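Novice: Between the sequences and the hints, there should be enough to build the whole structure, so can you do that?
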Amino acid sequence: MVEESILTDDFLRELINVGEVDLLVGLDTFNDAKTVGNVMQAVRAGLLRYFPRLRTVVVNADGGSRDGTQELVRAASISDMRHVSNLSSLRTLHCISTQYSRESSGGGLHTILAAADLLRASSLVVISPESTNMEPEWVERLVRPVAKENYDLITPIYRRHKFDALLVRTLLYPMTRAMYGKRLREPIPTDFAFSGRLATQFLAQEPTPSDVGRMGAELQLSLSAMSGDFRVGQSFLGTRERIEHGAAELVPAMRRTVGVLFASLENFAVWSAVKESQPVPTIGVEHEVNLEPLRVNRKRLHQMFATGVAELDPVLRSILYDTTLAELKALALQPEEEFVFPNELWATTVYEFAASHHQAVISRDHVIQALAPLYRGKALAFVLENRDASGVEIEKNVEAICLSFESLKPYLLEMWETGK
Amino acid sequence: MPASQDALWYKDAVIYQVHVRTFYDSNGDGIGDFRGLAQKLDYLQDLGVTAIWLMPFFPSPLRDDGYDIADYRTVHPSYGTLDDFKLFLEAAHQRNIKVIIELVLNHTSDQHAWFQESRKSKDNPKRDWYVWSDTDTRYKGTRIIFIDTEMSNWAWDPVSKEYYWHRFFSHQPDLNYDNPALREEMWDVTKFWLDMGVDAFRLDAVPYLVEREGTNCENLPETHAVIKDLRKRMDEHYPERMLLAEANQWPSDLRPYFGDGDEFNMAFHFPLMPRMFMGLKLEDRKPITEILQQTPAIPESCQWCIFLRNHDELTLEMVTDMERDYMYDEYAKDKSMRLNLGIRRRLAPLLDNDRRRIELMNGMLMSLPGTPIVYYGDEIGMGDNVNLGDRNGVRTPMQWDGGWNGGFSSADPEMVYSPLMLNPVYGFQALNVQSQKRFDHSLLSWMKRLIKVRKSTPVFGRGSIEFLYPANHRVLAYVRQLGRETVLIVNNLSSSAQAVELDLKRYKGNVLIEMFGRNLFPRIGDLPYLLTMGPYEFFWFRLRRI
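Sequence order for the protein chains is A and B.
Using our numbering, count along the first sequence one by one with no gaps and you end on 420.
Using our numbering, count along the second sequence one by one with no gaps and you end on 546.
No lab work stands behind these hints: they were computed from the structure.
Any given hint might turn out to be false.
Claimed, not checked - So, partial list: chain A residues that the calculated Cβ filter (under 7 Å) puts toward chain B:
id, residue
1, Asn17
2, Pro52
3, Leu90
4, Arg91
5, Thr92
Said to hold, decoys possible - Computed list of lysine-lysine pairs in BS3-like fashion (alpha-carbon distance at most 30 Å, straight line):
id, chain 1, residue 1, chain 2, residue 2
6, A, Lys275, A, Lys396
7, B, Lys455, B, Lys286
8, A, Lys148, B, Lys335
9, A, Lys409, A, Lys396
10, B, Lys455, B, Lys86
11, A, Lys148, B, Lys333
12, A, Lys148, B, Lys286
13, B, Lys122, B, Lys161
14, A, Lys275, A, Lys409
Quick caveat: nothing in here was measured; it's all calculated off a predicted structure.
Backbone N, C-alpha and C define an ideal beta-carbon position, used for all residues, glycine too.
Specialist: See below:
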């Protein structure tokens, strides 16, 4: 049976016209008209300023925007950018755009990778269309280590608000680090660079099951790099503006991230052999944390945690050990202002979920959904613990979470083999 | 008497640039001469060129390859006599070949009698024929052109105890065009050669004729006035002659030199040349299309002169710093090749002796708008010798055969004015006219065919140009049109095969006829016209509605 290509004839024709490139810039968009114009200008300015000699192409994979995103990407030029005057290019700067189905496996990143493979790009950089405060220097900081210093994957480090990206800080970073041994602060990067070598290998991998495969390709790529013979590093970019996410967005986000992470553990041989984590080379200044005051609806978080623990009792019984569930129920009774979610309990909880996901004790999607309210509890605890903390203290507390995950890895290994 | 009655002959010309010293030595003294050049006119006629541009042949101490003139009205004895020149001129005209000579207006040698007079004292009648000053602070901020050798535009004269102005070497004092007597004298010089029958003049270093405080001393209105006056006089008494401007400037700054068709007939398009090399290396048409899009329209009677190489360094003055760095990195990795913001190499070595690239560049030279100039020796792919100092490495003797001194001279090799090329790749033993004449596939044979095809239609010299912008940026495609004649030129700038789709809808119904083989290509229809091209390949198509 002939496989349907993810590349349309028109897109393929555009790729033919571009020809071989040294650097491919990927932009995965969906209704990003408000922000993508500025991002494109920063990208183009970065290319002109720092890589004027490279053959480059911007490939926009769009998930079916209806707000003119694709047109904005095509039309973006640097002529309006005040702080990039006096820039000119040696070469034609290509910008091509195609649509992909959001139902397709791998989504936009796979389209970008397929394009890179055909164009034999030796370096790739993916930029988030939501990186509204992106500077041209981000391009340089991401691309240079890959293009000139033989790195295969460069993920970003941002100066974030202390309460931003809590899912990354409390779960994804600690667990990825414990499983795969690399201390990548942003294991699910939205702005990152990687080598053509990594891209080719990733494309050649067996496709992940469709219910996971169309999500979290970025995380899958990171995990491939961390678990394979690839040189991995991270580069400080700058401040990343906080993006407000609605409560309803948590579960889809967890599917794309935690779900993918759990699914990756099916490759048991890879993560089980890792005994401890190592720092990865970090390029640029050490990141700081933005300590500006921020209102967090702690009451709501507490409520969602407590309600979740209560209402999901039958589900949680099939996932968690009795002792773990009992501890969580006791937590749910703590008043909000005294709420503490110990790191060991959190790590234990996550690992029991991971093991249940592996064993598919219930639908794997339900496993992920059930974790959401428990994560909210941990998020609340983090906010409370760090509300007056300095940047150094926050880092220490994140490190403590990581160490819990690392020290309890044998527990996961034991559960994995013996089952709950 | 001019050989042709067509007043715009220069638009259809193919010019051959040569220094008489380098071409052929008839008397065995090791230096090329006019009698020798005359003997080689058949070769040039056979090549197909229609005009010869001679580099300076006047008496000179030769400290700047003859651009330091010591006498405007005769011939350097090394090259023969004035009579020899006249014989050469007549022989050229008999072959319908025009002759363009240098007129170095801006400066003389410090050995010129005028300067010797001028420096004698501040009261000398010719004092004011040059630009003197008691300080070296006038015209501050004027750029130095020969940055590798000169520190200032002023030089101290110990004889007359004042500074004199020189935009080039310090032994080349600038003439003062604010002096009416000097201007009359220069007209008289011009008339001298016009009366003899010379068809045209290349005016060297024209932007710098006049200086004014508070300016950059380039392209001043007063300079244009000098040229206009010269042109007016020439047109009145010597119609169908031509003035060619040497002005290394941006196209927009060059435009005034054409005036309203009442100043220069032609000007070199300097900024295009490095961009052709850049486009080739980048495998991207952008540098070429951009500079030509920025090139202003010129009066109908005027023409650009385009070239790939010449006697000077490949100049990188009219590019950005980034472009210059790129060109140095790609074409002059060895820093000894770099001189005065340029690269002192010949065409073939610049292109790694790659026949395909040499052909492509010559194809563009012959098809882009303007009158093309072929630098002597490039038609056989001669090499260079950067070790000869200054720009002498691109001015070695012409290689006629594999014998004694490459057939250039019967003198002892030690007497030849310059060492010949000896290495196994470019040496005269292997690379010479005689061996290339024997084979249809030689570069020389190919160049003859190229020139012949170019001359087969006036569209290349006189037609308009419209760029096509196919999505494949590695392909440079344009349409030349003159009246009902339409020619499509497609160039693959890439080292790999390319497919290109051209939007030729407006020419729908035309059949393409490839101009070298005269074979038919498919008719243009509604769909984009697909061409597949080998590495560095180019096509010239005549469009015919059949």
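Novice: Please go over all the hints and tell whether each is borne out by the structure.
Specialist: Against the structure, the hints come out as follows:
Contact between asparagine 17(A) and chain B, as hinted, is supported at the beta carbon level, the nearest pair being about 4 Å apart and thus within 7 Å. Checking proline 52(A) against chain B by beta carbon gives a least distance of about 6 Å; that is within 7 Å, so the hint holds. Taking 7 Å as the C-beta contact cut-off toward chain B, the hint placing leucine 90(A) at the interface holds, the least distance being around 6 Å. Because the smallest distance between the Cβ of arginine 91(A) and any Cβ of chain B comes to about 5 Å, under 7 Å, the interface hint for this residue holds.
The beta carbon of threonine 92(A) comes within 4 Å of a beta carbon in chain B, closer than 7 Å, and the hint placing it at the interface holds. For the hint linking lysine 275(A) to lysine 396(A), the alpha-carbon distance of about 22 Å falls within 30 Å, and the restraint holds. At most 30 Å may separate the alpha-carbon atoms for a hinted pair to count; lysine 455(B) and lysine 286(B) meet this at roughly 28 Å. Pair hint lysine 148(A) plus lysine 335(B) holds up; C-alpha atoms about 24 Å apart against a cutoff of 30 Å.
For the hint pairing lysine 409(A) with lysine 396(A), the CA-to-CA distance comes to about 20 Å; that is within 30 Å, so the pair holds. The hinted pair formed by lysine 455(B) and lysine 86(B) meets the criterion: a straight-line CA distance of about 28 Å does not exceed 30 Å. Restraint check: the Cα-Cα separation between lysine 148(A) and lysine 333(B) comes to about 20 Å, which is no more than 30 Å; the hinted pair holds. Between lysine 148(A) and lysine 286(B), the direct Cα distance comes to roughly 26 Å. Compliance with the 30 Å bound is thereby established for this hinted pair.
A hinted pair counts as satisfied when its Cα atoms are at most 30 Å apart, and lysine 122(B) with lysine 161(B) qualifies at roughly 9 Å. Annotation: proposed proximity of lysine 275(A) to lysine 409(A) holds, straight-line Cα distance about 9 Å (limit 30 Å).
When the structure is compared with the earlier hints, no violation turns up for any of them.
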